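Visitor: Residues per chain are reported as follows:
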Amino acid sequence: MELMIENVSHHYGETHVLEDISFTLKDGEIICIIGPSGCGKSTLLRFIGGLEQPTSGQVLIAGEAPSGSLNPLTYIFQDFALLPWRTVEGNVSLVLEDHGIHGSRANAIINDVLARTKLADFRKALPRQLSGGMKQRVAIARALAVNPAVMLMDEPLSALDSQTRELLLDDLVELWSREKFSACYVTHNLAEAVRLGHKIVVLSRRPGRVRQIVEIDMPLGERFERMGELEETQRHLWNLMREEARAADMELADVA
Amino acid sequence: MELMIENVSHHYGETHVLEDISFTLKDGEIICIIGPSGCGKSTLLRFIGGLEQPTSGQVLIAGEAPSGSLNPLTYIFQDFALLPWRTVEGNVSLVLEDHGIHGSRANAIINDVLARTKLADFRKALPRQLSGGMKQRVAIARALAVNPAVMLMDEPLSALDSQTRELLLDDLVELWSREKFSACYVTHNLAEAVRLGHKIVVLSRRPGRVRQIVEIDMPLGERFERMGELEETQRHLWNLMREEARAADMELADVA
Amino acid sequence: MSLDTTHAPVTSAAVPRPVAPSGARPVPFRGGGFRHKPLGFVGPLVFVALIALWELGSRTGFISPIALPAPSEAFAAFMDLVQTGMLWTHLEASLYRLVVGWTFGSLLGVSVGLAIGLFSFVRAGFLPLVSALFPIPKIALLPLFIVWFGIGEGSKVATILFGTFFPTVIATYGGVDNVDRNLIRMGQSFGLSWLSIVRKIIIPGALPAILSGFRISASIAIVLLVAAEMIGAEFGIGAYILMAGALFATDQLICGVAMLSILGLTISFFIGKAEKYFLNWRT
Amino acid sequence: MSLDTTHAPVTSAAVPRPVAPSGARPVPFRGGGFRHKPLGFVGPLVFVALIALWELGSRTGFISPIALPAPSEAFAAFMDLVQTGMLWTHLEASLYRLVVGWTFGSLLGVSVGLAIGLFSFVRAGFLPLVSALFPIPKIALLPLFIVWFGIGEGSKVATILFGTFFPTVIATYGGVDNVDRNLIRMGQSFGLSWLSIVRKIIIPGALPAILSGFRISASIAIVLLVAAEMIGAEFGIGAYILMAGALFATDQLICGVAMLSILGLTISFFIGKAEKYFLNWRT
Amino acid sequence: PANAQEDTVQIGLLSLTSHAPSIIAEAKGYFEEEGITAEFVSFQAAQPMAVAIASGDVDFGVTAITGGLISLAERGAVKVIGGALQETPEIEGQKILVSRQAHEDGVTTPADLAGRRFGITTAGSSFHYMAHKIADAEGFDRSELSLVTLNSVPAVIASLRSGQIDAWSIVPNIAGGLTRGEDVVEIGVIADYVEDYQVTTVFTSTDIVENNPELAERFLAGFSKGVADYNAALVDKTMSEEETAEIVAMIHEYVYTDRPLEDADPAIRAGAMRINENARLNLGSVEDQMEWFKSEDLVPAEATVENLVDTSFVETF
Ligand SMILES: Nc1ncnc2c1ncn2[C@@H]1O[C@H](COP(=O)(O)OP(=O)(O)OP(=O)(O)O)[C@@H](O)[C@H]1O
Ligand SMILES: Nc1ncnc2c1ncn2[C@@H]1O[C@H](COP(=O)(O)OP(=O)(O)OP(=O)(O)O)[C@@H](O)[C@H]1O
Ligand SMILES: [Mg+2]
Ligand SMILES: [Mg+2]
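Protein chains in written order, with this note's numbering: chain Y, 1 to 256; chain V, 1 to 256; chain C, 1 to 283; chain L, 1 to 283; chain S, 1 to 317.
Note that these hints are calculated values from the structure, not bench results. If you're wondering where the values come from, they're calculated on a predicted model, not measured in any experiment. A virtual CB, placed ideally from N, CA and C, is assigned to each residue, including glycine. A few of these clues could be false.
In silico lysine-lysine, BS3-like type, Cα no more than 30 Å apart, as pairs [to be verified]:
no., chain 1, residue 1, chain 2, residue 2
1, L, Lys37, Y, Lys124
2, V, Lys124, C, Lys276
3, Y, Lys199, Y, Lys26
4, V, Lys199, V, Lys180
5, Y, Lys118, Y, Lys26
6, C, Lys37, C, Lys276
7, V, Lys180, V, Lys26
8, Y, Lys199, Y, Lys124
9, V, Lys124, C, Lys273
10, Y, Lys124, L, Lys273
11, V, Lys26, V, Lys118
12, V, Lys199, V, Lys118
Chain L is faced by these chain V residues, among others (derived, beta-carbon under 7 Å) [stated by the list, open to error]:
no., residue
13, Gly50
14, Leu51
15, Glu52
16, Gln53
17, Gln58
18, Val59
19, Leu60
20, Ile61
21, Ala62
Let the sequences and hints guide you as you build the complete structure.
Guide: Listed below in structure tokens is the structure:
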């Protein structure tokens with residue numbers, strides 16, 4: 001299954017947010033989207049998942065979703081978006097219930113995804129008892145439960161402290177290595193982008209335009225060991241973004 | 001002026017938070033404190049600033065604060081701690097008013113610190129109009145206004161996105177190069193620690209103990225260019241912390 | 001770097017455009033609902049429709065005149081008030097009681113609320129008292145109020161004062177409790193004096209809660225107006241309503257009730273303005 | 001790496017201990033104040049002291065018996081009620097009205113509140129109506145209530161029902177509005193049906209606000225009890241208070257008022273329990 | 001005349017001795033003789049009782065003619081069908097009272113009431129009417145009496161005793177209780193100002209008058225027997241002490257229930273006023289009251305006695 005983003009532009013009222021974005025997400029590929037604050041990354045991701053519709057342009061799917069995929073386009077959110085009144089288990093079963101999966105069938109899926117995210121011991125815990133890292137693991141487990149074809153991740157690690165982030169990054173790489181899902185991964189963190197992305201889409205300051213698409217061929221599994229080699233790519237990205245980031249940071253919000 | 005932390009231990013009720021912490025902060029030196037979530041870093045920093053008192057042990061000051069220092073031990077907080085109802089200018093003048101500095105004298109100080117933090121154009125802005133990076137700049141300006149001898153910083157950059165963080169890190173290095181303040185800098189981010197720290201105090205999981213104190217001799221100004229060389233130190237720190245961080249992350253909060 | 005091939009920088013124009021294969025279809029849209037379209041015109045429409053229906057019902061006799069007067073009759077009663085100039089007399093009397101009772105109730109309430117919020121001893125001593133006295137209906141105390149405050153303006157103002165005092169106390173100390181502890185800690189870390197912290201951090205920080213307490217206490221004050229004007233009031237909207245009730249002049253009754261409702265909306269409008277003005281620093 | 005000297009790992013025991021120079025002094029402590037010490041004993045103490053003072057004042061004649069009866073007299077009135085068994089008769093009558101009125105008012109209020117929160121049309125049409133009717137004192141409508149609902153339980157229950165309906169509506173739609181939009185978006189992103197989102201995300205998310213609305217509506221219901229029992233009630237705490245007021249039996253009046261206060265505290269205690277139970281997922 | 005048919009009627013009641021005839025009629029089985037099962041509904045004030053009769057919750061009641069009653073009659077909801085309490089020259093009537101303070105201040109006759117505070121329950125109540133009658137007769141302007149609306153009799157009493165109002169007028173049994181104390185002084189009687197004042201009337205819903213007049217007749221028949229007993233026992237005192245005590249006990253079931261019978265007994269007996277035999281109605285007094293209501297704009301200008309009273313049930317004069 002492939003996703004094509006075609007000439008997407010968007011306005012929120014007077015605010016021109018995105019301008020003529022086009023790229024393709026291939027099967028099993030991870031695309032990282034980076035760009036300064038407020039350039040429209042989250043907005044773009046909402047278009048890709050069908051949660052909002054762009055002013056012009058369109059997002060197309062080609063090919064069939066793999067059989068057994070309950071929800072081909074599945075999000076992982078920055079703020080985890082767990083229901084605080086449901087246990088870990090309940091949060092996962094939430095997304096199965098609407099597909100009529102209950103009882104032992106649901107149980108089997110829940111067992112499987114919790115095992116894959118190292119959460120088996122926390123089945124009955126409530127979100128408030130979990131650390132940020134664990135919460136995001138639950139969100140990942142929930143996403144895995146619906147067997148997604150494409151994962152849409154909006155800064156999934158940015159609410160975590162950097163050590164936990166490091167740990168989860170490893171886990172994501174491991175998950176991907178076992179099962180080559182495709183993903184759109186929005187981040188501010190260049191280190192993450194070079195650790196995870198097959199392609200990195202660099203957006204300009206608002207209105208977001210595609211400044212460059214950087215491809216990295218190194219296999220994901222090797223990148224942690226060979227970070228030094230990626231240093232240059234990261235620096236290249238930083239040079240692309242530095243001025244724009246500074247300008248975006250200095251912008252006064254025009255709230256009266 | 002030097003700060004000595006002597007055998008500090010602390011309990012919050014039943015929770016044993018810190019155990020026998022000792023180290024010295026010398027004049028003009030930046031000490032970074034790293035450790036897994038919940039190991040008591042913030043608590044330790046509150047002891048150092050005199051905001052709380054440890055169960056046992058003590059924090060001592062030796063030597064006189066430099067003349068003209070209105071508030072020798074000055075904090076910079078993770079959440080900025082700006083008064084949302086005061087403008088940038090008002091937030092800085094807040095800390096001067098109580099020392100009887102008003103009018104043109106205050107104005108001169110405010111002008112100076114806003115210029116040093118590149119905020120001169122934002123004098124009349126309210127916090128809600130500012131991006132996170134700008135807010136933290138205001139907090140830094142406010143801290144500079146009282147001419148601190150020691151800056152106590154509790155994850156000052158962790159609420160910012162990584163590009164802004166990068167920018168502010170540069171600014172901090174620049175500020176330090178001009179005026180060699182001493183600082184205690186709590187962070188989760190190993191990259192920050194190796195960029196800023198003369199010494200790095202590594203704490204263990206709760207109850208926090210000093211696991212190791214790592215010294216880095218490379219001048220701060222050169223570190224950005226020579227990050228590759230620091231990669232090994234960073235990896236060493238990560239190896240020290242990895243397991244502890246994982247265990248800390250997996251802890252269930254024991255809220256009923 | 002053998003495997004790490006950074007492509008030569010390409011400008012956005014040169015980014016290769018994907019070509020959609022023939023089987024491609026748009027992603028399904030699933031973000032609808034749960035968002036409020038502004039339909040400002042519907043509100044007035046519903047109002048007008050309801051009043052028209054009511055008038056129709058009254059005219060055709062479907063609504064018995066004993067159960068409810070026609071809106072036109074209530075309006076006629078209002079025009080009577082305007083023409084005889086009694087409107088101002090009643091309004092003036094009621095507003096005076098509202099303003100005095102509410103002002104003192106709020107001032108006292110804010111002071112006590114601040115004290116409860118700031119001092120452990122006051123809190124421990126007074127909070128249970130406030131919780132115990134809050135649920136007492138003021139109307140039950142009217143006979144005592146006559147003895148305590150007389151039948152003049154005293155008891156009327158006191159009724160409103162008591163009614164507004166308790167919710168203001170509760171809103172204020174709640175506001176103080178909710179002031180960001182980090183801001184207070186910041187104040188301490190810069191060595192601000194106790195008074196400075198209270199004046200510059202705690203009071204402005206509690207202001208949103210205090211203002212929303214005012215909103216509640218204002219509506220309570222209006223509700224209590226009728227009870228307050230039970231005792232020896234010649235003029236006032238509450239007295240007007242009570243008299244209409246005694247004479248079973250339902251047109252005047254509905255007219256008075258509508259005036260109270262409009263008064264309530266007006267006050268809440270002004271408090272909204274005050275919030276906008278004082279809390280313009282909020283996001 | 002020439003300049004970057006990582007020292008050989010040293011265990012914490014081996015970390016060199018700093019030796020304090022002679023001039024060293026502890027950092028000044030500046031974190032005091034603004035923290036509440038639990039002083040649970042002060043509350044009851046203040047209560048007891050106040051009541052003792054009041055009794056003393058009454059006994060010595062400092063407080064005129066017309067102005068306020070001695071607490072012991074009010075207590076005697078209470079014991080009278082207990083001994084004659086009238087306590088249960090009054091309580092039963094009042095509780096019945098409270099429970100029925102409050103239950104239906106809350107059910108209706110939650111339903112209308114949900115509708116306002118979920119459907120733009122309902123919101124646009126009903127919200128102005130709710131805002132306009134909310135500030136109307138129910139006591140002003142008593143003459144009409146008699147016509148509409150009769151003098152039996154109908155008008156009493158209706159008074160309480162109307163009083164609780166509006167705050168519940170407001171709390172509920174406020175709660176729905178404040179449900180984290182991200183959770184709703186999450187539900188949509190997983191393709192949950194509209195009904196699933198409402199049932200599993202919006203209603204539990206609005207529950208805290210709805211429960212705190214119940215707290216408010218319960219105290220309003222108690223306040224309205226007196227007004228409700230103005231109309232042809234033989235029994236009930238409100239009727240007891242009104243009767244006491246009519247006879248200037250201040251001992252009974254204070255006794256009745258104290259019973260209302262205790263009733264209010266009891267209900268708010270139970271709502272607190274319900275909150276603990278239903279919202280145990282909150283931090 | 002005994003009637004085969006049994007009707008249940010709701011009778012509105014205030015805890016006042018003037019409502020005794022209904023109580024006696026019920027207790028002595030006079031209503032039963034008329035085929036009526038009586039149920040009493042207690043009210044704290046006359047106004048809600050009138051509304052309840054208009055809405056059909058209550059069938060019969062006895063109260064003063066008030067603005068509310070006329071207003072409801074104008075809407076075709078209620079009708080006065082008979083008279084009850086009336087001032088008669090031979091029996092002690094309503095008293096004019098002033099507070100001790102006012103008395104010391106020189107208010108010793110009703111003529112001194114000009115510029116004084118006179119307590120009333122509500123606008124359009126009988127107290128309102130009496131106050132203006134005094135003013136009219138004493139020749140000062142009605143507006144010179146400052147009327148204080150206190151919404152309930154107890155509030156008026158409290159205000160009078162504490163000197164917060166200067167004057168009030170009230171039936172003798174309440175007046176007696178007040179003047180026995182220190183705080184209140186009697187300065188006149190209403191009979192001097194209103195001739196043969198028809199204080200209270202019997203009324204019912206228009207529905208009954210039009211569709212079930214026969215029920216009203218039976219009620220009045222039972223009521224009249226109660227009136228006769230009441231007058232005999234407490235006004236004319238022609239009954240034996242034993243029977244009188246029995247009557248007092250019956251009344252005590254509903255009046256002064258908060259005191260033991262021993263205490264209530266004198267209060268019930270004291271200052272009982274005559275209730276018209278056979279519920280005769282003084283139409284002249286009613287007309288005078290109607291005129292006063294209109295002159296004060298308390299009722300619609302088009303209100304008429306014809307709309308208020310149905311004269312077909314009892315003798316009028
Ligand atoms: N629903 C909306 N209505 C109006 N404006 C919006 C809306 N959502 C986002 N915006 C505006 O659109 C712009 C892009 O927002 P978006 O959240 O997509 O940026 P982003 O790149 O994700 O930023 P960040 O890096 O801070 O997450 C911002 O200026 C934002 O204020
Ligand atoms: N005021 C307090 N009362 C009770 N326990 C507290 C208090 N403050 C902190 N703690 C507990 O003490 C421990 C250490 O807290 P602290 O905030 O110092 O950790 P930290 O190292 O700063 O963590 P993080 O990396 O998450 O900021 C935690 O378990 C916390 O729950
Ligand atoms: Mg975003
Ligand atoms: Mg911390």
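Visitor: Hint check: is the beta carbon of Gly50 (chain V) less than 7 Å from a beta carbon of chain L?
Guide: With a minimum Cβ separation of about 4 Å from chain L (threshold 7 Å), the hint on Gly50 (chain V) holds.
Visitor: Take the C-alpha atoms of Lys199 (chain Y) and Lys26 (chain Y), compute the straight-line distance between them, and say whether it is at most 30 Å.
Guide: Given pair Lys199 (chain Y), Lys26 (chain Y) holds - Cα atoms ~10 Å apart, limit 30 Å.
Visitor: What's the verdict on Lys26 (chain V) and Lys118 (chain V), does the C-alpha distance respect the 30 Å limit or exceed it?
Guide: Holds: Lys26 (chain V) and Lys118 (chain V) sit about 29 Å apart, inside 30 Å.
Visitor: Once the shortest beta carbon distance from Leu60 (chain V) to chain L is found, is it less than 7 Å?
Guide: 4 Å, holds
Visitor: So, as I understand it, the hint says Leu51 (chain V) touches chain L; can you test that by seeing if any CB pair is closer than 7 Å?
Guide: 4 Å, holds
Visitor: With a cut-off of 7 Å on the beta carbons, see whether Ala62 (chain V) makes it to chain L.
Guide: With a minimum Cβ separation of about 4 Å from chain L (threshold 7 Å), the hint on Ala62 (chain V) holds.
Visitor: CA of Lys199 (chain Y) to CA of Lys124 (chain Y), is that 30 Å or under?
Guide: 38 Å, violated
Visitor: Take the shortest C-beta to C-beta distance between Ile61 (chain V) and chain L; is it under 7 Å?
Guide: 6 Å, holds
Visitor: With a cut-off of 7 Å on the beta carbons, see whether Glu52 (chain V) makes it to chain L.
Guide: 5 Å, holds
Visitor: Holds or violated: Lys180 (chain V) and Lys26 (chain V), Cα atoms, limit 30 Å.
Guide: This hinted pair holds, its Cα atoms lying about 11 Å apart.
Visitor: Given Gln58 (chain V) as an interface hint, is its Cβ closer than 7 Å to any Cβ of chain L?
Guide: 5 Å, holds
Visitor: Could you grab the alpha-carbon distance between Lys37 (chain C) and Lys276 (chain C) and see if it respects the 30 Å cut-off?
Guide: Holds, at roughly 23 Å.
The structure shown violates the earlier hints numbered 1 and 8.
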